[in-house]
Every structure is written in C-alpha cells, then in structure tokens.
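Chains as they are written, first to last, in this note's numbering: chain Y, 1 to 278; chain E, 1 to 260.
Because the hints were derived from the structure by calculation, they are not lab data.
The C-beta atom is built at its ideal place from N, Cα and C for all residues, glycine as well.
Misleading hints may appear alongside valid ones.
To spell it out: a stretch of chain Y is covered by chain E in this simulated footprint if at least three of its residues, at any positions, have a beta carbon under 8 Å from a beta carbon of chain E; those stretches are [claimed, not checked]:
1) 39-45
2) 112-120
Residues from chain Y that keep clear of chain E, each with C-beta distances beyond 12 Å, as calculated [stated by the list, open to error]:
3) K25
4) K55
5) G59
6) Q60
7) E74
8) S81
9) E85
10) R89
11) M92
12) R160
13) A163
14) L192
15) G198
16) V226
17) G261
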Amino acid sequence: MISNSDSNDVLVQIRDLHFSRGNRKIFNGVDLDIRRGKVTAIMGPSGTGKTTLLKLIGGQLKPDHGSIHVDGLEVPKLKLSKLYELRKRIGMLFQSGALLTDINVFDNVAFPIREHTNMPPAMIRDMVLMKLESVGLRNARDLMPSELSGGMARRVALARAIALDPMMILYDEPFTGQDPISMGVIVQLIRLLNDALGLSSIVVSHDVQETATIADDIYVLSEGKVVGHGTPQQLAETDSDWVKQFMQGLPDGPVPFHYPGKQYADDLLAGSEQNRVS
Amino acid sequence: MIETIRKLGRWGLGSFERLGRGHIFLIHILLGIPSVLARFGLLVQQMLSVGVLSLIIIVVSGLFVGMVLGLQGYNTLVDFGAEQSLGVVVALSLVRELGPVVASLLFAGRAGSALTAEIGLMKSTEQLSGMEMMAVDPIKRVIAPRFLAGFISLPLLAAIFSAIGVVGGYFVGVGLLGVDDGAFWSQMQAKVDFSEDIMNGVIKSIVFGFVVTWIAVFEGYDCVPTSEGVSRATTRTVVHSALAILGLDFVLTALMFGNI
C-alpha cells in the first residue's frame, strides 16, 4: 500500500516496472506517478509499450516485477472480483473505440449502466442522453456503430467510458487517424471532461502537438525506460537530445535516420573491390 | 534430423498447451452457465441466431438425405423382396446415424463457423477487451450464452433433421416408388425402439452439440486477433469439428451398438 500522504495526490503509482513479451523486454524499470485531477500523457515512439502500460494499469496484464498501485490498491495482486470492482471506477477509451457492433449508440452507452446497476429504464435513458449530450451525439443515439465516422465512434466510446462516472479515464491513442475537426473535438473533450467531472486522465499518444496542448504532465518512454518527464513547457526546453528529437519530430538524431550497419562509403567500395577481383 | 525432432517436440508441446487452455476455458464457461440462466433473454437471443437461423439448411438437407435414403434403400431392398421394410431402413439410418452426424456437420459449417468468426472479430476489434475493462466478464456475457445455445440447439436440430428425413423417405418410397403406406409406417413403429435407437441418437447429438460448440467458441476466443487469424480459426473450427464428430461417432456407436 502506498502511504496516505502520497495517496492524496497520486492516483497511480508505478515503481520498478519490468515486463517482457517472450524474449523482448518492454519495460525495464519504469517509475511513474499519475496525479489526481490532472491530464497525464504517456508518449513515445510506436512499439515502446504505451498501450501495454495501460493494460498493466487496468490489470489486463501482469508485470514480471514491480508494483502498480491504483487508488491505493496493488492491481497485479487483486483478486478478480476486486479487480472488477476497481475497473468499474476506471473508464477506458480504446484506439478502435471497441463499440459493441450489434447494438446501437444508445445501447452501447447504456451497456455498463445496465450491467452494473438496477436503475429503472427511464433513469437509464436520462443518464445515457446526458452522457451523449456531453460528447455532442445525443441525436445520433439510434445509429449503429457501422454508421458512425471514426471520430464519432470515439466520442460514443468516450460517452460510454464516463457512463459510470469513473475516477480515471485511460485514453489509448485517441487522436490516431482523426481528421482535424474530429481531433480538435476530442482534444477539447478530454480536457473539458477531465476538469468538469473531476477526473484523472492518462492519455497514451505519439501526437506531440495535440497532447502537449492538454497535458499537465508528460512522461516520454523509450526502450523500456522513462527518458523524459515534466510539463509540456519543461519538455520543450529540455537538454536531452532524445526528447528534443521526439518532441520536435526531427528526422535524425539519437534515433538515427539510417538503419545501423556498415558505413556507406565502405559498402560502395566493397562493391568496386568485388568488380575488380572478378 | 535433430531439427525435425525439435520441431515435432515444439508442435507436440504447443498442441498439449492448447488442449490445456481449451479445457480451462471450458471450466470457465461451465462456471458461467448459472449467470446465463439468470439472464434468460441472452440465451433466447443466441438460440435465435445459433439455432433458428440454422433451421433452413437442416430442413432442406434432411429432406434430401431422406429422399436419397428412400431411393437407395428401395433399390437394394427390392432385390430381396423386402421393400416393405423401407420405413425401418430410413428411420433407423436417420435416428441412429445420419440425423446426429449430418446435422452436426451442417451445424459446424453453418453455426460453428459463424460463432468462431463473430467471437474472433469481437476479439480483434477489442470488444472483448473493452468488456473486461468495463468490469463485464466476456466469458459470462458473450461466450457462455453462445455455448449453451449451441448445446441446446443441436439435439433439437438433429431431431428435426431425422423427422424431415423420414418424411423425405416416405415421399420417395410411398409416393413415387409405390411402397405400401401401412407397411412403411407400421414396420417403422414396430422395429424402431425408443430407448435403443432414438435415445442413443439423442445422446449422440447432445455429445456432438457439446463438442462442436466448445470447439467453435474456443477457436474464436483463442484466435490471433487479425483478419488472417480469424480466417484460420474459422477453418479450424470446421475441420476439427468434423473430425471430432466422426471420431466420436465411431466411439459412441461402438459403445451403444457394437457389443465391444
């Protein structure tokens, strides 16, 4: 258990996290804190395990070593029933939206309410309409998921994620593949919902500009470790070449443009040498 | 040589691991059955898509299988002057063997593959993962109702297959080939035993229903969550189900009728 003084401010505390898939090390001693009421971004290049980190926080994966505390509870050690109790207080927005494709928008948002409460239908209707209103899709309640655009599907999924009034929402790549208008809407919704509902938000993304506009705190991951941490302003002024390359999207730097191997000149000369011999 | 043995070992270990996963999965499904019974609507909904929507193929196939049985049976029996026994031949063939086996094979192709594809797509589009994060157990909410629906539907479909098959045999034998109407039905009534023939057929279809639906839901749940993975899982469902049905049919027939 984390101490009370920490638990007042820190909602998610991760210490010395190690996780591997087969022989591949995904996390190699990650420490991070997610503060209550804040929007915290987890950033890094593709394949650094950002989504895996969300699954570890949500208890869908177990770490090889280290601790993950959410609201004072050590997630990997929770029994399934306790884990499900915790998950009722966590909303998650999947990259694909993960809407149930055989039911309409209204029923998708009503799904967690019907599963976990005994509310009468009239009250469920009001609650669902309020959630849909907050994402601007109240009048799309009769549409099927196949009739929604990618941005609309994510907004419906967001309405579903807040259906049970969670304490925290996990966003998995919420901006990927969105047109500028949809992206603007989602950027705004994440910030507004976080502040209006008193949530804590974890946004996993590699879209630097959009994430930096709404995040209070950013962690940058690379090669299984936290390589940068701070506010967007602090990271923009960082001395770390790696973080600078990532934040500014520079094509060459500590992450080289060229795949490592032989020198170009040596490679060309080797070809000339072969021609001469033959 | 060593590499071949190593590959064989890896394949063997992988197969046993998968078999173990399948059995653990089955235990989770069985533990989820009480929650399905508590929410009867989920079961009814799945019986509609798994059972009722398979009815057309079962009825049409049953009719043709019965008609072919009538024709073939007549041509064989008439050589011995025993064409009056056509009803018995058609009925016994259907209730003991063809009803459970052919209905199960059709069920695996129609409903089993659909179950695998549906569950596999739910996995690849993160719907199952999304349910877990909403604190809803996908095995109780998605898998167990489908399993139970398949388990209940197949024996009913096999019974319908046999009944329609008998009608098909009657149509060809009595209607087209001139077998005596009374002999067709009376010999069938006299020779087909309820516990020996019909119940053994029912037991077969219950076993096949259990195995086929288990294979179908497991393949969907365990598939690689890509389009290629779902396609392979669907193929595996049909192939494994067919092999399981035919293999189990021999074992059950040997136990029931073989005096082994």
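Cross-check of the supplied hints:
Beta-carbon proximity to chain E at under 8 Å applies to 0 residues in the segment 39-45 of chain Y; the threshold of 3 is not reached and the given coverage is violated. Given a C-beta distance limit of less than 8 Å, the hint that chain E covers the segment 112-120 of chain Y holds, as 3 residues qualify and 3 suffice. At roughly 23 Å from the closest C-beta of chain E, the C-beta of Y/K25 stays outside 12 Å, upholding its exclusion from the interface. Separation of Y/K55 from chain E is inadequate, the least Cβ-Cβ distance of about 8 Å not exceeding the 12 Å criterion.
With a minimum CB-CB distance of about 9 Å to chain E, Y/G59 fails to clear the 12 Å threshold, and the non-interface call is violated. Consistency note on Y/Q60: stated as away from chain E, yet its beta-carbon is not over 12 Å from all of that chain's, at 6 Å minimum. With a least beta-carbon separation of about 18 Å from chain E, Y/E74 lies farther than 12 Å from that chain, consistent with its non-interface assignment. Distance to chain E contradicts Y/S81 as a non-interface residue, since its nearest Cβ pair spans about 10 Å, not more than 12 Å.
At the 12 Å boundary, the C-beta of Y/E85 falls inside the reach of chain E, the nearest C-beta of that chain being 7 Å off. With a closest Cβ-Cβ approach of about 9 Å to chain E, Y/R89 is found to fall inside the 12 Å limit, against its non-interface label. The beta carbon of Y/M92 is not kept farther than 12 Å from every beta carbon of chain E, the shortest such distance being approximately 4 Å. Not every beta carbon of chain E lies more than 12 Å from that of Y/R160, the smallest distance being close to 8 Å; the non-interface claim is violated.
Not every beta carbon of chain E lies more than 12 Å from that of Y/A163, the smallest distance being close to 9 Å; the non-interface claim is violated. Listed as a non-interface residue, Y/L192 keeps its Cβ farther than 12 Å from every Cβ of chain E; the least gap is roughly 22 Å. The non-interface label for Y/G198 is consistent with chain E: the shortest C-beta to C-beta separation is roughly 21 Å, beyond 12 Å. A cut-off of 12 Å between C-beta atoms confirms that Y/V226 is not in contact with chain E; the least separation is 24 Å.
The non-interface label for Y/G261 is consistent with chain E: the shortest C-beta to C-beta separation is roughly 29 Å, beyond 12 Å.
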